[in-house]
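J.: Next come the chains, spelled out residue by residue.
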Amino acid sequence: MATVAPTAPKDRQLRARAVKKFRPVAFLTAPISVILLLFVAPLIILVIMSFRFESLYGFQTGWTLDNFRLLFTDPIYRGVAKDTLIIATTAMVCQLLIAFPLSYFIAFKAGRWELPLLLLLVLVDELNPIVRIYAWRMLLGREGLINDFLMWTGIVDAPLDWLLFTKFSVILVLSTSWVNYCALPIYASMKAINPALFEAATDLGAGWFTRWRRVLLPLAAPGIFVAVILVYIPLFTDFATPGLVGGTSSYMLGNSVADLMVTVGDWGGGAALSLLLLGAMAVVAVIAYFLTKLNQLD
Amino acid sequence: MNDTPAQGHIRIERVTKKFGDTVAVDDVTFEISGGEFFSMLGPSGCGKTTTLRMIAGFEDPTAGRIILEGKDVSFVPPAKRNVNMVFQAYGLFPHMTVSQNVAFGLKVKKVARAEIAERVQEALRTVRMDAFADRRPAHLSGGQQQRVALARALVNRPAALLLDEPLGALDLKLRKEMQLELKRIHGTTGTTFVYVTHDQEEALTMSQRIAVMKDGIVQQVATPRELYERPANAFVAGFIGTSNVISVQPGGARDGVAVMDLGDGDRVCVPDVGAGTGPVKIIVRPERMRVWGDPDGERISRVRGTIAEVVYLGSMTQLIIDLKTGERVTVHELNDDLKGALPEIGDPVLVQWAAESSYVIDDAGAVNVAVGSASPD
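Chains D and S are the protein sequences, given in the same order.
Once you know that position 211 of the first sequence is 211 in our numbering, the rest is easy, because the numbers rise by one and skip nothing.
Once you know that position 55 of the second sequence is 55 in our numbering, the rest is easy, because the numbers rise by one and skip nothing.
Just chain D, with the same shape it has in the complex (with noise of 0.2 Å):
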């Protein structure tokens, strides 16, 4: 065997292995700085401020509980809570019930239209969304086009004030919001099914309720869970939209958020609230997760 010191390439070796080993770190120090500084970060700070108080001009500070404790005792905060889950949750069923044919469409009826009818859906989202909220105000107020059209028909007499500034009116715009989000995993889950499914089960019987029960609706249910995880959250914790068209009667968790943020400047309450916001919505999540686990409806 050579008797010539062995050192000096066993080093370059194992540098070079070091490096090798330390190069997909390296790449991954961009990323996870921004989720870092840009997510971690705040999020740190929030759960810090939802801990402190501070009475005004700062003369007290402190650490305490009572952000959290306010949120589940005082009693307007369950009201908003109940007036929030009911207006976000009927506004997902409306979306689903929008969004499911739609998809359907799309995926199995539309043709040579399909490509385009995507782009549609997709650049729906180009558009501001305070702008589109607007458009709605303009659509449903009392001299709206809505009412306009109804009156010069004949149809009523006088123009309908449900239409703005209700429960009603936060329900139907916020069905109608992020529907592209409801309804793309839909029909990403519906492009997934095998159309001869559909043969298959019509040449054993099927009616078009069964085939839609027992083939369609098993199959695309991955989708539906994946959508609702996409919108529920969006539609739960809005506050553009009932700060726009709610008027006084839709007041939702996002307004409070936002109302204890800025109007208020209580910022301890409005990082707790924030928080279990965060919270509910992850359970929500996880939920709906499990949910598209189940692969059969039987």
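Just so you know, the hints here were simulated from the structure itself, not pulled from any lab data.
Note that the coordinates shown come from a computational prediction; the quantities given were computed from them, not determined experimentally.
It is possible that part of the hints are untrue.
Unchecked claim - No farther apart than 30 Å at their CA atoms in a straight line, the calculated lysine-lysine pairs in the DSSO-like style are these:
#1 S/Lys-107 <-> S/Lys-80
#2 S/Lys-339 <-> D/Lys-109
#3 D/Lys-293 <-> S/Lys-214
#4 S/Lys-80 <-> D/Lys-191
#5 D/Lys-191 <-> S/Lys-109
#6 D/Lys-109 <-> S/Lys-107
#7 S/Lys-80 <-> D/Lys-109
#8 S/Lys-214 <-> S/Lys-71
#9 D/Lys-82 <-> D/Lys-167
#10 D/Lys-109 <-> S/Lys-71
#11 S/Lys-107 <-> D/Lys-191
To be verified - Simulated restraints, written as ranges between beta carbons of each label pair:
#12 D/Arg-112 <-> S/Ala-117: 28 to 36 Å
#13 D/Arg-112 <-> S/Phe-75: 24 to 32 Å
#14 S/Thr-62 <-> D/Ala-158: 55 to 63 Å
Yeah, the Cβ is synthetic: ideal placement off N, Cα and C, and Gly gets one too.
Put chain S on the given structure of chain D with help from the hints.
T.: Relative to the frame of chain D, chain S by itself:
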């Protein structure tokens, strides 16, 4: 004709199907007897699948009628017809187990739960998949999925089972196994099987009768043996098995045989069809040509040639020979008859066959005189 509808009897009566301007099925008529294993055979685009789908109800005929067990079902929706289909890609429901798949048709008909369980078991046993009752289709091989699709259709006890090239996706060995399986299951259940394929060997293996189709027109409906030995035209002759086509310019006719003299003792003898000295074409089957044996028959054609290819296949050898007349022919010879070594490429050979072993075809491809030796060689 007997008017009482036989069980599983299907009649296709002057059925035409047009898609826009394209005629997929052109005035097709044939009958399938109850309990028969009937195949529709032909190249892609010949209309066989379209016809099958019309029997199933997925397409409506543009003209003509589909009569199932004596009743006109031409426009009856597929869900209401008493036929079931096995699709090319199986079409098993991925979110259900094997038993749930098989039970689907019965559940739709609201059969009692106990009866469903019993019939599903029976169907799975027939296709030998009873051990897989609780598996999902994703965990089954192609052949296994095939059998489940079969069970799912058969469990409904349909008047006829329609199969749309079901073995196309399987490898060769499995395909051959499944062909015999299908034949066995057909024998066990006694249901009419209507089978669509482009593989002539597959059709010959399983069917009792075959309808050969081309461009939407039925060329011939016959048993496998009739199709092979008495093809109605050049297309059928060429599609079923191999056939050699030889151009002949007869010099004269005598005793019902026209002869083309090629010199050196070589000649081609063909049955005299009254064409005089006009040119004709003949078809000869490869096993009727002889290289190392003696052909049976009185009027022997003899043509010299050179061996282009030798394919040893165990029990027989396939010889590709370039004849003196210019054609390249395929000859099948039994190796049992061979005394000595196999010929090699480039060897000169003498090819002989009897005049009775050839069919004369005219320019349109129709067989003028269908002559096939009724007795085996």
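J.: Please go over all the hints and tell whether each is borne out by the structure.
T.: Going down the list of hints, with the structure as the test:
At most 30 Å may separate the alpha-carbon atoms for a hinted pair to count; S/Lys-107 and S/Lys-80 meet this at roughly 15 Å. This hinted pair does not check out: S/Lys-339 and D/Lys-109 have alpha carbons roughly 68 Å apart, beyond 30 Å. At most 30 Å may separate the alpha-carbon atoms for a hinted pair to count; D/Lys-293 and S/Lys-214 exceed this at roughly 49 Å. Restraint check for S/Lys-80 and D/Lys-191: satisfied, since their Cα atoms lie roughly 28 Å apart, inside the 30 Å limit.
Using a Cα cut-off of 30 Å, the hinted pair D/Lys-191 and S/Lys-109 holds, with the two alpha carbons roughly 29 Å apart. For the hint pairing D/Lys-109 with S/Lys-107, the CA-to-CA distance comes to about 28 Å; that is within 30 Å, so the pair holds. With a CA separation close to 24 Å, the supplied pair S/Lys-80 and D/Lys-109 stays within the 30 Å bound. The hinted pair formed by S/Lys-214 and S/Lys-71 meets the criterion: a straight-line CA distance of about 28 Å does not exceed 30 Å.
Restraint check: the Cα-Cα separation between D/Lys-82 and D/Lys-167 comes to about 13 Å, which is no more than 30 Å; the hinted pair holds. Using a Cα cut-off of 30 Å, the hinted pair D/Lys-109 and S/Lys-71 is violated, with the two alpha carbons roughly 33 Å apart. Between S/Lys-107 and D/Lys-191 the CA atoms are separated by roughly 26 Å; this keeps the pair inside 30 Å, and the hint holds. A hinted range of 28 to 36 Å for the beta carbons of D/Arg-112 and S/Ala-117 is inconsistent with their spacing of about 46 Å.
As the Cβ distance of D/Arg-112 to S/Phe-75 is approximately 29 Å, the hint placing it in 24 to 32 Å holds. For the hinted restraint 55 to 63 Å between S/Thr-62 and D/Ala-158, the CB-CB distance of approximately 59 Å keeps it satisfied.
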